[in-house]
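K.L.:
Could you slot chain B onto chain A? The hints should help.
Sequence order for the protein chains is A and B. FYI, in the working numbering the residues of the first sequence are 1 to 113. FYI, in the working numbering the residues of the second sequence are 1 to 114.
Derived by calculation from the structure, the hints in this document are not laboratory data. A portion of the hints provided could be inaccurate.
[Claimed, not checked] Covered stretches of chain B, as calculated for chain A (at least 3 residues, CB under 8 Å):
| # | region |
| --- | --- |
| 1 | 42-48 |
| 2 | 78-85 |
| 3 | 93-103 |
| 4 | 106-112 |
[Claimed, not checked] Taking lysine to aspartate or glutamate pairs in the DMTMM-like style, the calculated list, with each CA pair at most 20 Å apart, reads:
| # | chain 1 | residue 1 | chain 2 | residue 2 |
| --- | --- | --- | --- | --- |
| 5 | A | K71 | A | D84 |
| 6 | A | K68 | A | E26 |
| 7 | A | K57 | B | D101 |
| 8 | A | K58 | B | D101 |
| 9 | B | K57 | A | D31 |
From the three backbone atoms N, C-alpha and C, an ideal C-beta is built for every residue, glycine too.
Residue-level listing of the chains:
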Amino acid sequence: QQQVKQSPQSLIVQKGGISIINCAYENTAFDYFPWYQQFPGKGPALLIAIRPDVSEKKEGRFTISFNKSAKQFSLHIMDSQPGDSATYFCAAKPPGGYNKLIFGAGTRLAVHP
Amino acid sequence: KAGVTQTPRYLIKTRGQQVTLSCSPISGHRSVSWYQQTPGQGLQFLFEYFSETQRNKGNFPGRFSGRQFSNSRSEMNVSTLELGDSALYLCASSPSSGNTDTQYFGPGTRLTVL
Chain A
1 QQQVKQSPQS LIVQKGGISI INCAYENTAF DYFPWYQQFP GKGPALLIAI RPDVSEKKEG
61 RFTISFNKSA KQFSLHIMDS QPGDSATYFC AAKPPGGYNK LIFGAGTRLA VHP
Chain B
1 KAGVTQTPRY LIKTRGQQVT LSCSPISGHR SVSWYQQTPG QGLQFLFEYF SETQRNKGNF
61 PGRFSGRQFS NSRSEMNVST LELGDSALYL CASSPSSGNT DTQYFGPGTR LTVL
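Bound-form chain A, shown alone:
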């Protein structure tokens, strides 16, 4: 019930294409869903986050789509660039007001020129 399942494990996209990463969860009480980007040798950096009362959130080229009934959420990267090549993690926060995140396994994205 505390798991977050992320797919695909790896993704290759051509420059200018759309990258789509999916996550699914079981616990309907999760109340915050962030996406993080991590480059080798660096800590994860917050990209964008959404709460379950919103179905979509867009920030620049990054969009989260959230389907509460299906218990799924996804990250869309429009006009993907080689600089977007990194590992992406989805996460979910259990309710309770504390800062514990449950992470998906990660997706390694490679954007080819």
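P.N.:
Frame of chain A, contents of chain B only:
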């Protein structure tokens, strides 16, 4: 504002030793969380401190402990190191007001246990 800083960045220890890692949160942040990142298990929550009190704990053995000081700086300690403790240890800080769910990660401490 300066970001989250972690020291040291790299550590090599041998089995049975103990280690202390340090984390300085973003100025004004009172919540500090610790995570372990390994290729096999991914990112796993260790514990969270807020105003010097541990208020959340993950499923790790008692060899993993932490504390937070009055200036919000935090340390985590791993005693009796095992080979499987080799990992990137990340700390994250969160603001006390506004988007309190947002966690800002440091660069991590890479621990290698030989």
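K.L.:
Could you check the structure against the hints above and give me the numbers of any it violates, in ascending order?
P.N.:
2, 5
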